[in-house]
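Be aware that the sequence shown starts at 38, since it is given in the numbering used here, and climbs by one per residue.
If you're looking for bench data, these hints aren't it; they were derived computationally from the structure. Wrong hints could be hidden among the right ones.
What follows is a set of in silico ranges between Cβ atoms, one per label pair, in the way DEER data are often shown [claimed, not checked]:
1) 58 to 408: 29 to 37 angstroms
2) 480 to 502: 33 to 41 angstroms
3) 393 to 303: 23 to 31 angstroms
4) 429 to 480: 21 to 29 angstroms
5) 235 to 307: 51 to 59 angstroms
6) 132 to 508: 33 to 41 angstroms
7) 498 to 250: 40 to 48 angstroms
Calculated pairs, PhoX-like style, for lysine-lysine (alpha carbon to alpha carbon, straight line, at most 20 angstroms) [to be verified]:
8) 93 to 304
9) 92 to 231
10) 92 to 276
11) 233 to 168
12) 93 to 143
13) 278 to 93
14) 381 to 143
15) 315 to 533
16) 316 to 304
17) 304 to 278
18) 381 to 515
19) 409 to 421
20) 92 to 143
21) 143 to 276
22) 315 to 304
23) 278 to 143
24) 316 to 93
None of these values were measured; they are calculated from a predicted model. Virtual Cβ for every residue (Gly too), placed ideally from N, Cα, C.
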Amino acid sequence: MPAVGIPAGGNGKAYVGNLTPYVLVTCVVAAMGGLIFGYDIGISGGVTSMDSFLKKFFPSVYHKKEKDKTTNQYCQYDSQTLTMFTSSLYLAALISSIVAATVTRKFGRKLSMLFGGLLFCAGAIINGAAKAVWMLILGRMLLGFGIGFSNQSVPLYLSEMAPYRFRGALNIGFQLSITVGILVANVLNYFFAKIKGGWGWRLSLGGAMVPALIITIGSLVLPDTPNSMIERGQHDEAKAKLQRIRGVDDVREEFSDLVAASEAANKIEDPWRNLLRKKYRPHLCVAIVIPFFQQLTGINVIMFYAPVLFNTIGFGADASLMSAVITGSVNVIATMVSIYGVDKWGRRFLFLEGGAQMLICQAVVTACIAAKFGVDGNPGELPKWYAIVVVMFICTYVAGFAWSWGPLGWLVPSEIFPLEIRSAAQSVNVSVNMIFTFIVAQIFLTMLCHLKFGLFLFFAFFVFVMSIFVYYFLPETKGIPIEEMGQVWRTHWYWKRFVSEEDGGGYEMGKAAQTVKTV
Numbered sequence: 038m039p040a041v042g043i044p045a046g047g048n049g050k051a052y053v054g055n056l057t058p059y060v061l062v063t064c065v066v067a068a069m070g071g072l073i074f075g076y077d078i079g080i081s082g083g084v085t086s087m088d089s090f091l092k093k094f095f096p097s098v099y100h101k102k103e104k105d106k107t108t109n110q111y112c113q114y115d116s117q118t119l120t121m122f123t124s125s126l127y128l129a130a131l132i133s134s135i136v137a138a139t140v141t142r143k144f145g146r147k148l149s150m151l152f153g154g155l156l157f158c159a160g161a162i163i164n165g166a167a168k169a170v171w172m173l174i175l176g177r178m179l180l181g182f183g184i185g186f187s188n189q190s191v192p193l194y195l196s197e198m199a200p201y202r203f204r205g206a207l208n209i210g211f212q213l214s215i216t217v218g219i220l221v222a223n224v225l226n227y228f229f230a231k232i233k234g235g236w237g238w239r240l241s242l243g244g245a246m247v248p249a250l251i252i253t254i255g256s257l258v259l260p261d262t263p264n265s266m267i268e269r270g271q272h273d274e275a276k277a278k279l280q281r282i283r284g285v286d287d288v289r290e291e292f293s294d295l296v297a298a299s300e301a302a303n304k305i306e307d308p309w310r311n312l313l314r315k316k317y318r319p320h321l322c323v324a325i326v327i328p329f330f331q332q333l334t335g336i337n338v339i340m341f342y343a344p345v346l347f348n349t350i351g352f353g354a355d356a357s358l359m360s361a362v363i364t365g366s367v368n369v370i371a372t373m374v375s376i377y378g379v380d381k382w383g384r385r386f387l388f389l390e391g392g393a394q395m396l397i398c399q400a401v402v403t404a405c406i407a408a409k410f411g412v413d414g415n416p417g418e419l420p421k422w423y424a425i426v427v428v429m430f431i432c433t434y435v436a437g438f439a440w441s442w443g444p445l446g447w448l449v450p451s452e453i454f455p456l457e458i459r460s461a462a463q464s465v466n467v468s469v470n471m472i473f474t475f476i477v478a479q480i481f482l483t484m485l486c487h488l489k490f491g492l493f494l495f496f497a498f499f500v501f502v503m504s505i506f507v508y509y510f511l512p513e514t515k516g517i518p519i520e521e522m523g524q525v526w527r528t529h530w531y532w533k534r535f536v537s538e539e540d541g542g543g544y545e546m547g548k549a550a551q552t553v554k555t556v
């Protein structure tokens, strides 16, 4: 493929470069960091619906589920200890993401990925060998530390390595890995639940070692990004690496912009305090609001507890696990749609289309569950057509999320930050994501017990609000070089009041993206 100049905006600036096989392979390997996150999301709900697991660690939940058939179906899994098993991971990930910001900035993205893989592997071993609840929670916390490091470093790595014309598609490889991890976990749960003797849950939990080893070994062989190498003073090595990943010798223009960004970053003594400055208010707002809304789409309710949820709405144990496999498959396929379209159709279009699709599906699912379960939670005999309708609309909802808020919730925050605040801002993004993942995971079963079918309306309200936010306040970032993103804030109808022409949302990098379309 011949080298081509990619226009960077209205001033005619262009970075030369190709989508080289070298970049493609490194981004695919790095994106495998999403497997550990996805595997955990998928494995948790399946394990907590296995009777042998519940009998051993949560006998009160098992008794309420199996012995008392008159129990309100909405409340059969309501247990704070059970939800702590799931949500403790995200509390740990919140803490580790703050530490990971410093590691990622000072020692590079690779080391942060390595720490993530090792910690996740240790947590998987402890969980697989667990004899008591405290071992489960300790293992989950180690898994969380690992996820905090990997979620901090992998999206940044992908955004920095990719040529900006393909940045969206390559960065979404992280979300694709998450969805593959969820699907693999659901399939394994389905088969491990059938093992005689009731020890299949140990294989489910211990199996997390496999994705952990993939990212651990991958981090040892991956190159570091030129941005990170320049940030640590390795200019000659960074230029050689940039030439290799772009597939051309003349990378002077892109390299000089990276050096300028690094020099601006090195003047910042405290990136955390710097993040609070007025000119970074748009970045900080997006770093907080996007992950906040992503968790309040209700997707984790489906993915964490898909087997539990389907069991609750009347499917048998095998049927509920198989339904989770179906939704996991839809998740993977729809994420591939996002990879195809994100750099063609833009981020805003996918956000808005996905939001509308999720809103409609949540309204239909609410009506279906309300019609059969009412407020007392005792549906009687559920017809087959009812089960098919519920699964169909939940799958349509999952598809809407998987090509919008799922991948873009990680992509957009990772590509908008200037280098001087990038690690700190990404840490804020991961921390907010984990805070609300923790909250949703911890209170979901209690909310299901008390709000009943109204729970889906609760999340539908936030889907409506987040779509309004995207329409009015989120600029389009498609096709903008990562180190020239300041222009999208300068030309936005609202955010321009915070960003002066002199600073441009970080440092002055020229007029590159002046023609970007905003609302």
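request  = Measure nothing beyond the straight line between the CA atoms of residue 233 and residue 168; if it is 20 angstroms or shorter, mark the hint as holding.
outcome  = Holds. Residue 233 to residue 168 sits at ~19 angstroms (cutoff 20 angstroms).
ask   = Is the gap between the beta carbons of residue 429 and residue 480 within 21 to 29 angstroms?
value = 28 angstroms, holds
inquiry  = Given the hint of 40 to 48 angstroms, is the C-beta distance from residue 498 to residue 250 inside that range or not?
reply    = 42 angstroms, holds
query = CB of residue 235 to CB of residue 307, is that within 51 to 59 angstroms?
reply = The hint (51 to 59 angstroms, Cβ to Cβ) holds, given that residue 235 and residue 307 are roughly 53 angstroms apart.
message = Tell me if the straight-line CA distance from residue 304 to residue 278 falls inside 20 angstroms.
response = 24 angstroms, violated
ask   = That 33 to 41 angstroms hint for residue 132 and residue 508 (C-beta), does it hold up?
value = Since residue 132 and residue 508 have Cβ atoms about 35 angstroms apart, the given range 33 to 41 angstroms holds.
query = Taken at face value, is the distance from the CA of residue 304 to the CA of residue 315 at most 20 angstroms?
reply = Measuring from Cα to Cα gives roughly 17 angstroms; hence the hint holds.
query = Do the alpha carbons of residue 92 and residue 276 lie within 20 angstroms of each other, as the hint requires?
reply = Not satisfied, since the Cα-Cα distance of roughly 58 angstroms exceeds 20 angstroms.
ask   = Between residue 480 and residue 502, is the Cβ distance one that fits in 33 to 41 angstroms?
value = 19 angstroms, violated
query = Between residue 381 and residue 143, is the straight-line Cα distance small enough, at 20 angstroms or below?
reply = Outside the cut-off at roughly 35 angstroms; violated.
task = Quickly compare the C-alpha distance for residue 316 and residue 304 to 20 angstroms and report which way the hint goes.
result = 16 angstroms, holds
inquiry  = Please verify whether residue 409 and residue 421 have alpha carbons no more than 20 angstroms apart.
reply    = Holds, at roughly 13 angstroms.
In the structure shown, a violation is registered for the earlier hints numbered 1, 2, 3, 8, 10, 12, 13, 14, 17, 20 and 24, in ascending order.
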